[in-house]
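Colleague: Given next are the chains, with one letter for each unit.
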Amino acid sequence: MAKEIKAKMLSKILEVKVKPGDAVKAKDVLLVLESMKMKIPVRTPIDGVVKSIEVKVGDTVDRNSLLAVVE
Amino acid sequence: MEELIKDLEERKRAIREKDGEKRVASQHKKGKLTAWERIERLLDKDSFSEINPFVTSRVTDFGMDKKRMPGDAVITGYGRINGRKVFLFSQDFTTLGGSLGEMHAQKIARIQDLAMANGCPLIQMNDSGGARIQEGILSLNGYGMIFKRNSLASGVIPQLSLILGPSAGGAVYASGLSDLVFMVRGVSRMYITGPDVIKRVAGEEIGHEELGGADVHAQVSGVAHFAHDSEDECFETVRRLLSYLPQNAYEVPPYQEPSRDLSADEAINQIVPLDPEESYDVHEVIEAVFDEGSFLEIHEEYAMNVVVGLARLYGHVVGIVANQPEFMAGVLDINASDKIASFVRFCDCFNIPLINLIDTPGYLPGSTQEFDGIIRHGAKILYAYSEATVPKIVLIMRKAYGGAYIALCSRDMAYDRVLAYPTADIAVMGAEGAVAIIFRKELAAAEDPQKRLEELKQQYMEKFGGPYLSASYGLVDQVIVPSETRRELYVALDSVLEKQESRPEKKHGNIPL
Numbered sequence: 001m002a003k004e005i006k007a008k009m010l011s012k013i014l015e016v017k018v019k020p021g022d023a024v025k026a027k028d029v030l031l032v033l034e035s036m037k038m039k040i041p042v043r044t045p046i047d048g049v050v051k052s053i054e055v056k057v058g059d060t061v062d063r064n065s066l067l068a069v070v071e
Numbered sequence: 072m073e074e075l076i077k078d079l080e081e082r083k084r085a086i087r088e089k090d091g092e093k094r095v096a097s098q099h100k101k102g103k104l105t106a107w108e109r110i111e112r113l114l115d116k117d118s119f120s121e122i123n124p125f126v127t128s129r130v131t132d133f134g135m136d137k138k139r140m141p142g143d144a145v146i147t148g149y150g151r152i153n154g155r156k157v158f159l160f161s162q163d164f165t166t167l168g169g170s171l172g173e174m175h176a177q178k179i180a181r182i183q184d185l186a187m188a189n190g191c192p193l194i195q196m197n198d199s200g201g202a203r204i205q206e207g208i209l210s211l212n213g214y215g216m217i218f219k220r221n222s223l224a225s226g227v228i229p230q231l232s233l234i235l236g237p238s239a240g241g242a243v244y245a246s247g248l249s250d251l252v253f254m255v256r257g258v259s260r261m262y263i264t265g266p267d268v269i270k271r272v273a274g275e276e277i278g279h280e281e282l283g284g285a286d287v288h289a290q291v292s293g294v295a296h297f298a299h300d301s302e303d304e305c306f307e308t309v310r311r312l313l314s315y316l317p318q319n320a321y322e323v324p325p326y327q328e329p330s331r332d333l334s335a336d337e338a339i340n341q342i343v344p345l346d347p348e349e350s351y352d353v354h355e356v357i358e359a360v361f362d363e364g365s366f367l368e369i370h371e372e373y374a375m376n377v378v379v380g381l382a383r384l385y386g387h388v389v390g391i392v393a394n395q396p397e398f399m400a401g402v403l404d405i406n407a408s409d410k411i412a413s414f415v416r417f418c419d420c421f422n423i424p425l426i427n428l429i430d431t432p433g434y435l436p437g438s439t440q441e442f443d444g445i446i447r448h449g450a451k452i453l454y455a456y457s458e459a460t461v462p463k464i465v466l467i468m469r470k471a472y473g474g475a476y477i478a479l480c481s482r483d484m485a486y487d488r489v490l491a492y493p494t495a496d497i498a499v500m501g502a503e504g505a506v507a508i509i510f511r512k513e514l515a516a517a518e519d520p521q522k523r524l525e526e527l528k529q530q531y532m533e534k535f536g537g538p539y540l541s542a543s544y545g546l547v548d549q550v551i552v553p554s555e556t557r558r559e560l561y562v563a564l565d566s567v568l569e570k571q572e573s574r575p576e577k578k579h580g581n582i583p584l
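So the protein lines, in turn, are chains C and B. One point on numbering: in my numbering, the residue at position 53 of the first sequence is 53, and numbering is uninterrupted. So the mapping is simple: my numbering equals the position in the second sequence, first residue as 1, plus 71.
Don't take each hint at face value.
Heads up, incomplete: computed chain B residues facing chain C, CB under 10 Å, no partners named [stated by the list, open to error]:
1) 376
2) 398
3) 517
These are computed hints drawn from the structure, not numbers from a lab. Here a beta-carbon is modelled for each residue, glycine too, at the ideal position from N, C-alpha and C.
All chains, full assembly: derive it from the sequences and hints.
Modeller: Here's what the structure looks like:
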């Protein structure tokens, strides 16, 4: 089952740590965002493979923007 | 006499088994346990006593006289969990879909009355299609009878609701009025109106699990406090949870021999990063400070920017409210406000002291939050803490700014003791924001505004940052070494454990809702 990972709040993308095709385990960090002047890791809730990364470093995203898909 | 005893035994057997295997199989086929199996697995072995097994519906319309069954689709009674008495009901989906009719409701109401009169927790096991339509308004009135008792019992005895099948329509409010709601993935579904009605009225297509499953209520709506993969896991959590609670509001929570002494743990010095931009998982602090493995998180997947739950500190039960810097920077928003306020009031009802672990940049700015009423929701935190008379201790680990400082740390508002780490940063707002406002003109006129900003920021942080200015005002009681957190929190708790506080007498307050 594919899991869409979305931004929880207005954020800037600081780092993308995985690429499509990478195998990930639950709680692995996919991206690092900056919001409220803090670096926030975004983790995958499930084990699986990264299907897509929808953002790049420097992007600013709104709440609920799609960041990545893991399946 | 022997005849009569035989007759009684036969009657009881018939009620318990009904037409037996077929019903059990139909329940198992849905991946569910039967009402009896649930009782047996939840309670201490052989501790259950049933009440009113012979009660039967009086309604005969629509051929109900042929379908009705003794017990009226619900088993009620009392038993023990970890040796302590609880009252419970378990709805039987295999009889008339567990539907609630007049007598079914009366049985539940009687158990609620007994739980109240005896000062024991009430456990509601829901597996019901809803109101028994054939019994019409008598059925609806039955819900009213139950909800009133739920409301009056609130704050007197713990009320736990387990959703172990459908719970739809008005029936959901017996859970909505409970202290804690437990759900099981793939088994539970809870909604006011189901997918069929939604499709008819609103044209929206949505499945049962997506609309009212365990994950939805545990992650999105916040209606469920716990979501489990199996009924057995769910019962295990209920049993564990009750080990932290007193039987009623007039008792103190059970003390347990501590699993760990109070010695310092150097590793704690490294958890909170010095860099204010770095985040960390506040669970690390909780695990290191409180009794080993004692943390039972509530609302684990809802509003994860704040972490709440029960734990033990040197054997004493405490309620923890901790900002989670790793999720949304640990900001306070509407859902976090509701989560905190409801947990604080739950703890206060049952004499559970509160410990706040603070590292938050403040309330979440934005029009969505304002339009949805963050003022009204955020006010609940202030109200709940001010109202609470249990011991309340604060540890400021890092950021404590503005409204969040007032709500979660302000000694004069609500707290018995305020401790801080040397890393604490207590201010109206972060240094950059403050400097930008105070020195707006100077910065605008500066040759190199960015450089000047950095200089002023540095000066500001030296003067106002850190815990010592607040400590000099007496607003921080003590600055502590992180490795000593366990001892310091315990000593602070111990000093206020027996405090007595009263509140003005009134009918009841008007908490902003």
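Colleague: Under the criterion of a CB-CB separation shorter than 10 Å, is residue 376 of chain B in contact with chain C as hinted?
Modeller: holds (8 Å)
Colleague: Quick check on the hint: residue 398 of chain B CB to chain C CB, less than 10 Å?
Modeller: Holds: closest Cβ of chain C sits about 7 Å from residue 398 of chain B, inside 10 Å.
Colleague: Once the shortest beta carbon distance from residue 517 of chain B to chain C is found, is it less than 10 Å?
Modeller: violated (22 Å)
This entry does not satisfy hint 3, going by the numbered hints stated previously; all others are met.
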